[in-house]
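Visitor: Protein sequences appear in the order of chains P and Y. Positions in the first sequence are counted from 1; adding 34 to them yields the working numbering. Positions in the second sequence are counted from 1; adding 5 to them yields the working numbering.
If you're looking for bench data, these hints aren't it; they were derived computationally from the structure. Incorrect hints may have been included.
Stated by the list, open to error - Below, computed lysine to aspartate or glutamate pairings styled on EDC-like, alpha-carbon distance capped at 16 angstroms: (1) Y:219 <-> P:252; (2) Y:219 <-> P:259; (3) P:396 <-> Y:401; (4) P:409 <-> Y:252; (5) Y:380 <-> P:430; (6) P:409 <-> Y:401; (7) P:248 <-> Y:223; (8) Y:212 <-> P:259; (9) Y:248 <-> P:399; (10) P:241 <-> Y:230; (11) P:277 <-> Y:370; (12) P:428 <-> Y:377; (13) Y:86 <-> Y:359; (14) P:277 <-> Y:365; (15) P:248 <-> Y:230; (16) P:262 <-> Y:209; (17) Y:367 <-> P:430; (18) Y:96 <-> Y:107; (19) Y:399 <-> P:406; (20) P:368 <-> P:334; (21) Y:65 <-> Y:143.
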Amino acid sequence: MITTQRSISGSSQSPRSPSSQPYLSVSVTDPVKLGNGVQAYISYRVITKTNLPEYQGPEKIVIRRYSDFVWLHDHLFEKYKGIFIPPLPEKSAVEKFRFSSEFIEMRCQALDTFVNRIASHRELQQSEDLRTFLQADEETMERLTSQETGIFKRKPADLMQIFKDVQSRVSDVVLGKEKPVEESNPEYEKLKHYIFELENHLAEAQKHAYRLVKRHRELGQSLSDFGKAVKLLGACEGNSLGKAFSDLGTKSETLSVKLQKEAHQLLMNFEEPLKDYVRSVQSIKATIAERANAFRRQCELAETIKLKEINLNRLVLVRSVKVGEAEFEYNQLKAESEEATRMFEKIMRLMNEEIVHFQEQKTLDMGIAFQEFAKGQARLANGIATAWRSLLPKLEACSSS
Amino acid sequence: MIATQRSVSGSSQSPRSPSSQTYLSVSVTDPVKLGNGVQAYISYRVITKTNLPEYQGPEKIVIRRYSDFVWLRDRLFEKYKGIFIPPLPEKSAVEKFRFSAEFIEMRRQALDIFVNRIASHHELQQSEDLRTFLQADEETMERLRSQETGIFKKKPTDFMQIFKDVQSKVSDVVLGKEKPVEESNPEYEKLKHYIFELENHLAEAQKHAYRLVKRHRELGQSLSDFGKAVKLLGACEGNSLGKAFSELGTKSETLSVKLQKEAHQLLMNFEEPLKDYVRAVQSIKATIAERANAFRRQCELAETTKLKEINLNKLTLMRSDKVGEAEIEYQELKVESEEATRMFEIIVRLMNEEIVRFQEQKTLDMGIAFHEFAKGQARLANGIANAWRSLIPKLEVCSSS
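So that you can see chain P by itself, here it is in the shape it has in the complex (with noise of 0.2 angstroms):
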């Protein structure tokens, strides 16, 4: 939950006195299995909390599921370019993974994540698809849900194909134009090449990061194998030896506990932020491809209008009837194209903002990230240390005797 405020009131955020001053608070919580087979599904409860005219305040609990999320990111996606739409966790595809308790509580945390992140954004926070989301009945919820199975749905693989498009310059073969159809802006090129380097140490680093879980949950159960062997290897024995043994498998034991734990925490509090960074900066990637978009859009409408120009001028030497009917196309297309110019300067000044508050966020993030991460280990180790300790005298007096 983020307790937030409308950029454009401007007053300093206090706590004290909320009725004056307007908030918005979102939380995503208690994941509910419902449904049978291969159509179950989860349900979250989505609980709003604001004093805000536009809604139906002051709390107002709804029930959504994952598509109802989905349906709100691709309509801000599609209503405001420019910004780095806050990014969705990935439909499991792993059938008997998607309803284990691990990966729900992992998702709710990362669809709570997400609303917040679209509340406590000053563009965001004013869009009317948020307040449907927050408010509609279910079946309202459901009907615009179904509605747009077509227009809006749009698949990882459709925004790869746009960026690759722009990369690879294939509108250029399809427009027929030879010139790469492209921005030549020196600071944009280094945003462009810092994003996609950007995204592949990070893909490293998230799945080393993985696999450090893994190792330590190996350990973890490694650590209990020894620890049962162990104490039957005590039980076997009599006196003295035998009760070393058994105090150092179970010993052994209580620590694969510890381990296991930790090797869950590790995945909550480090591994998960690294995933959703991974997840921003495809978000970023997709507003990429939508400025380059429209770019490309403005660059086709300049040129169509410089042809249109030049029939139009030349329908007016030769006194052609068509003159009236092209003048009337070419303002349009003049509208049009300083429609799509205006679009495009818009969506550059947006990002603009959009990567410094992003820099500064992922700063923030990462390294409370790093923090709670090697606070974790410091703590674990610490305790590993204690337990083994703890086990010396008892065995001191079986080598003495």
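Please arrange chain Y on chain P, whose structure you already have, making use of the hints.
Guide: Relative to chain P, chain Y alone:
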């Protein structure tokens, strides 16, 4: 190296007057690879320091190879039935591993322990074969070693077969006896049962200890990969976040080195004593098989002697001229039978002493091994906790900026 004294002298050990006290101190050192290709092998220096008159003192150095140790073990096993002959490390089948530094070091240590256990055993230390092993020049040793390929080369499977025979009573079928030829000694039954159970549990514990070492290594490797990936990430970012990534990455790599080193230490200090324990138990099983052999032989000869006696009496009654011959045969058999009985009783007596000695020694050895294990784990965990904690202040800077 273990300083020993003859149990015969009966005087207490006094390190300050070495010239008056008898001592026998042996060490196996300096493994060196000799030969080429498939013929390649490792030679060891065996250094004997002693003031015993039977030895060419005060110091003698000879070069020995693994098969020389095997020769010594086989000869002692033949001559000192009833005594648990110290076990040898396994002949390694895996070609690649045969000359790795780790394997060579583990084997050298195990061979050193082997010889020292013999040298400190009150019966075995008086063996002539030990003296030959410690003193003879290399050509003599080679000659002796190659001579006894036929007679003394017992494969481990032979021991198992002997043991299995006793268990499955095949010998009864072969000898045409109906009742089982096994001791019906409840205490001895308990011992055999204990040894079997112990061997199984030890093998399990040793297997899991090995896996534990392997998992430590894998975690270490994973941490190193993670560190590298995070450092690349840091290089891609700038400012405080980049620095934080780099710190995290470097720390991970440092800890990885620590973990890999500890895996090696665990191997040397803990897994190896467990393996040694397993070998000792297998040596005891071989002695149990020898005892069963001696018992069976005693029974066979007792039966045969009885039959001979019956036959002799029959011939005497009939006043046959074969009486004289039969009497000689009978007397011979009687001597053999008494010898077999005496052999068996020696083995029983020795084994009883050996069991007590074995239990004491093992309790001490395993106690030390566990102690080292727990200490090592505590030390490692402490180092890890410190390393992570040292990172936290640097990361705090990042999240507050």
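Visitor: Could you run down the list of hints and mark each one as holding or not?
Guide: For each hint, the structure was consulted:
no.: 1; hint: Y:219 <-> P:252; verdict: holds, 10 angstroms
no.: 2; hint: Y:219 <-> P:259; verdict: holds, 13 angstroms
no.: 3; hint: P:396 <-> Y:401; verdict: holds, 14 angstroms
no.: 4; hint: P:409 <-> Y:252; verdict: holds, 14 angstroms
no.: 5; hint: Y:380 <-> P:430; verdict: holds, 11 angstroms
no.: 6; hint: P:409 <-> Y:401; verdict: holds, 11 angstroms
no.: 7; hint: P:248 <-> Y:223; verdict: holds, 10 angstroms
no.: 8; hint: Y:212 <-> P:259; verdict: holds, 10 angstroms
no.: 9; hint: Y:248 <-> P:399; verdict: holds, 15 angstroms
no.: 10; hint: P:241 <-> Y:230; verdict: holds, 10 angstroms
no.: 11; hint: P:277 <-> Y:370; verdict: holds, 15 angstroms
no.: 12; hint: P:428 <-> Y:377; verdict: holds, 13 angstroms
no.: 13; hint: Y:86 <-> Y:359; verdict: holds, 11 angstroms
no.: 14; hint: P:277 <-> Y:365; verdict: holds, 15 angstroms
no.: 15; hint: P:248 <-> Y:230; verdict: holds, 13 angstroms
no.: 16; hint: P:262 <-> Y:209; verdict: holds, 10 angstroms
no.: 17; hint: Y:367 <-> P:430; verdict: holds, 15 angstroms
no.: 18; hint: Y:96 <-> Y:107; verdict: holds, 15 angstroms
no.: 19; hint: Y:399 <-> P:406; verdict: holds, 13 angstroms
no.: 20; hint: P:368 <-> P:334; verdict: holds, 12 angstroms
no.: 21; hint: Y:65 <-> Y:143; verdict: holds, 13 angstroms
Checked against the numbered hints given earlier, this structure breaks none of them.
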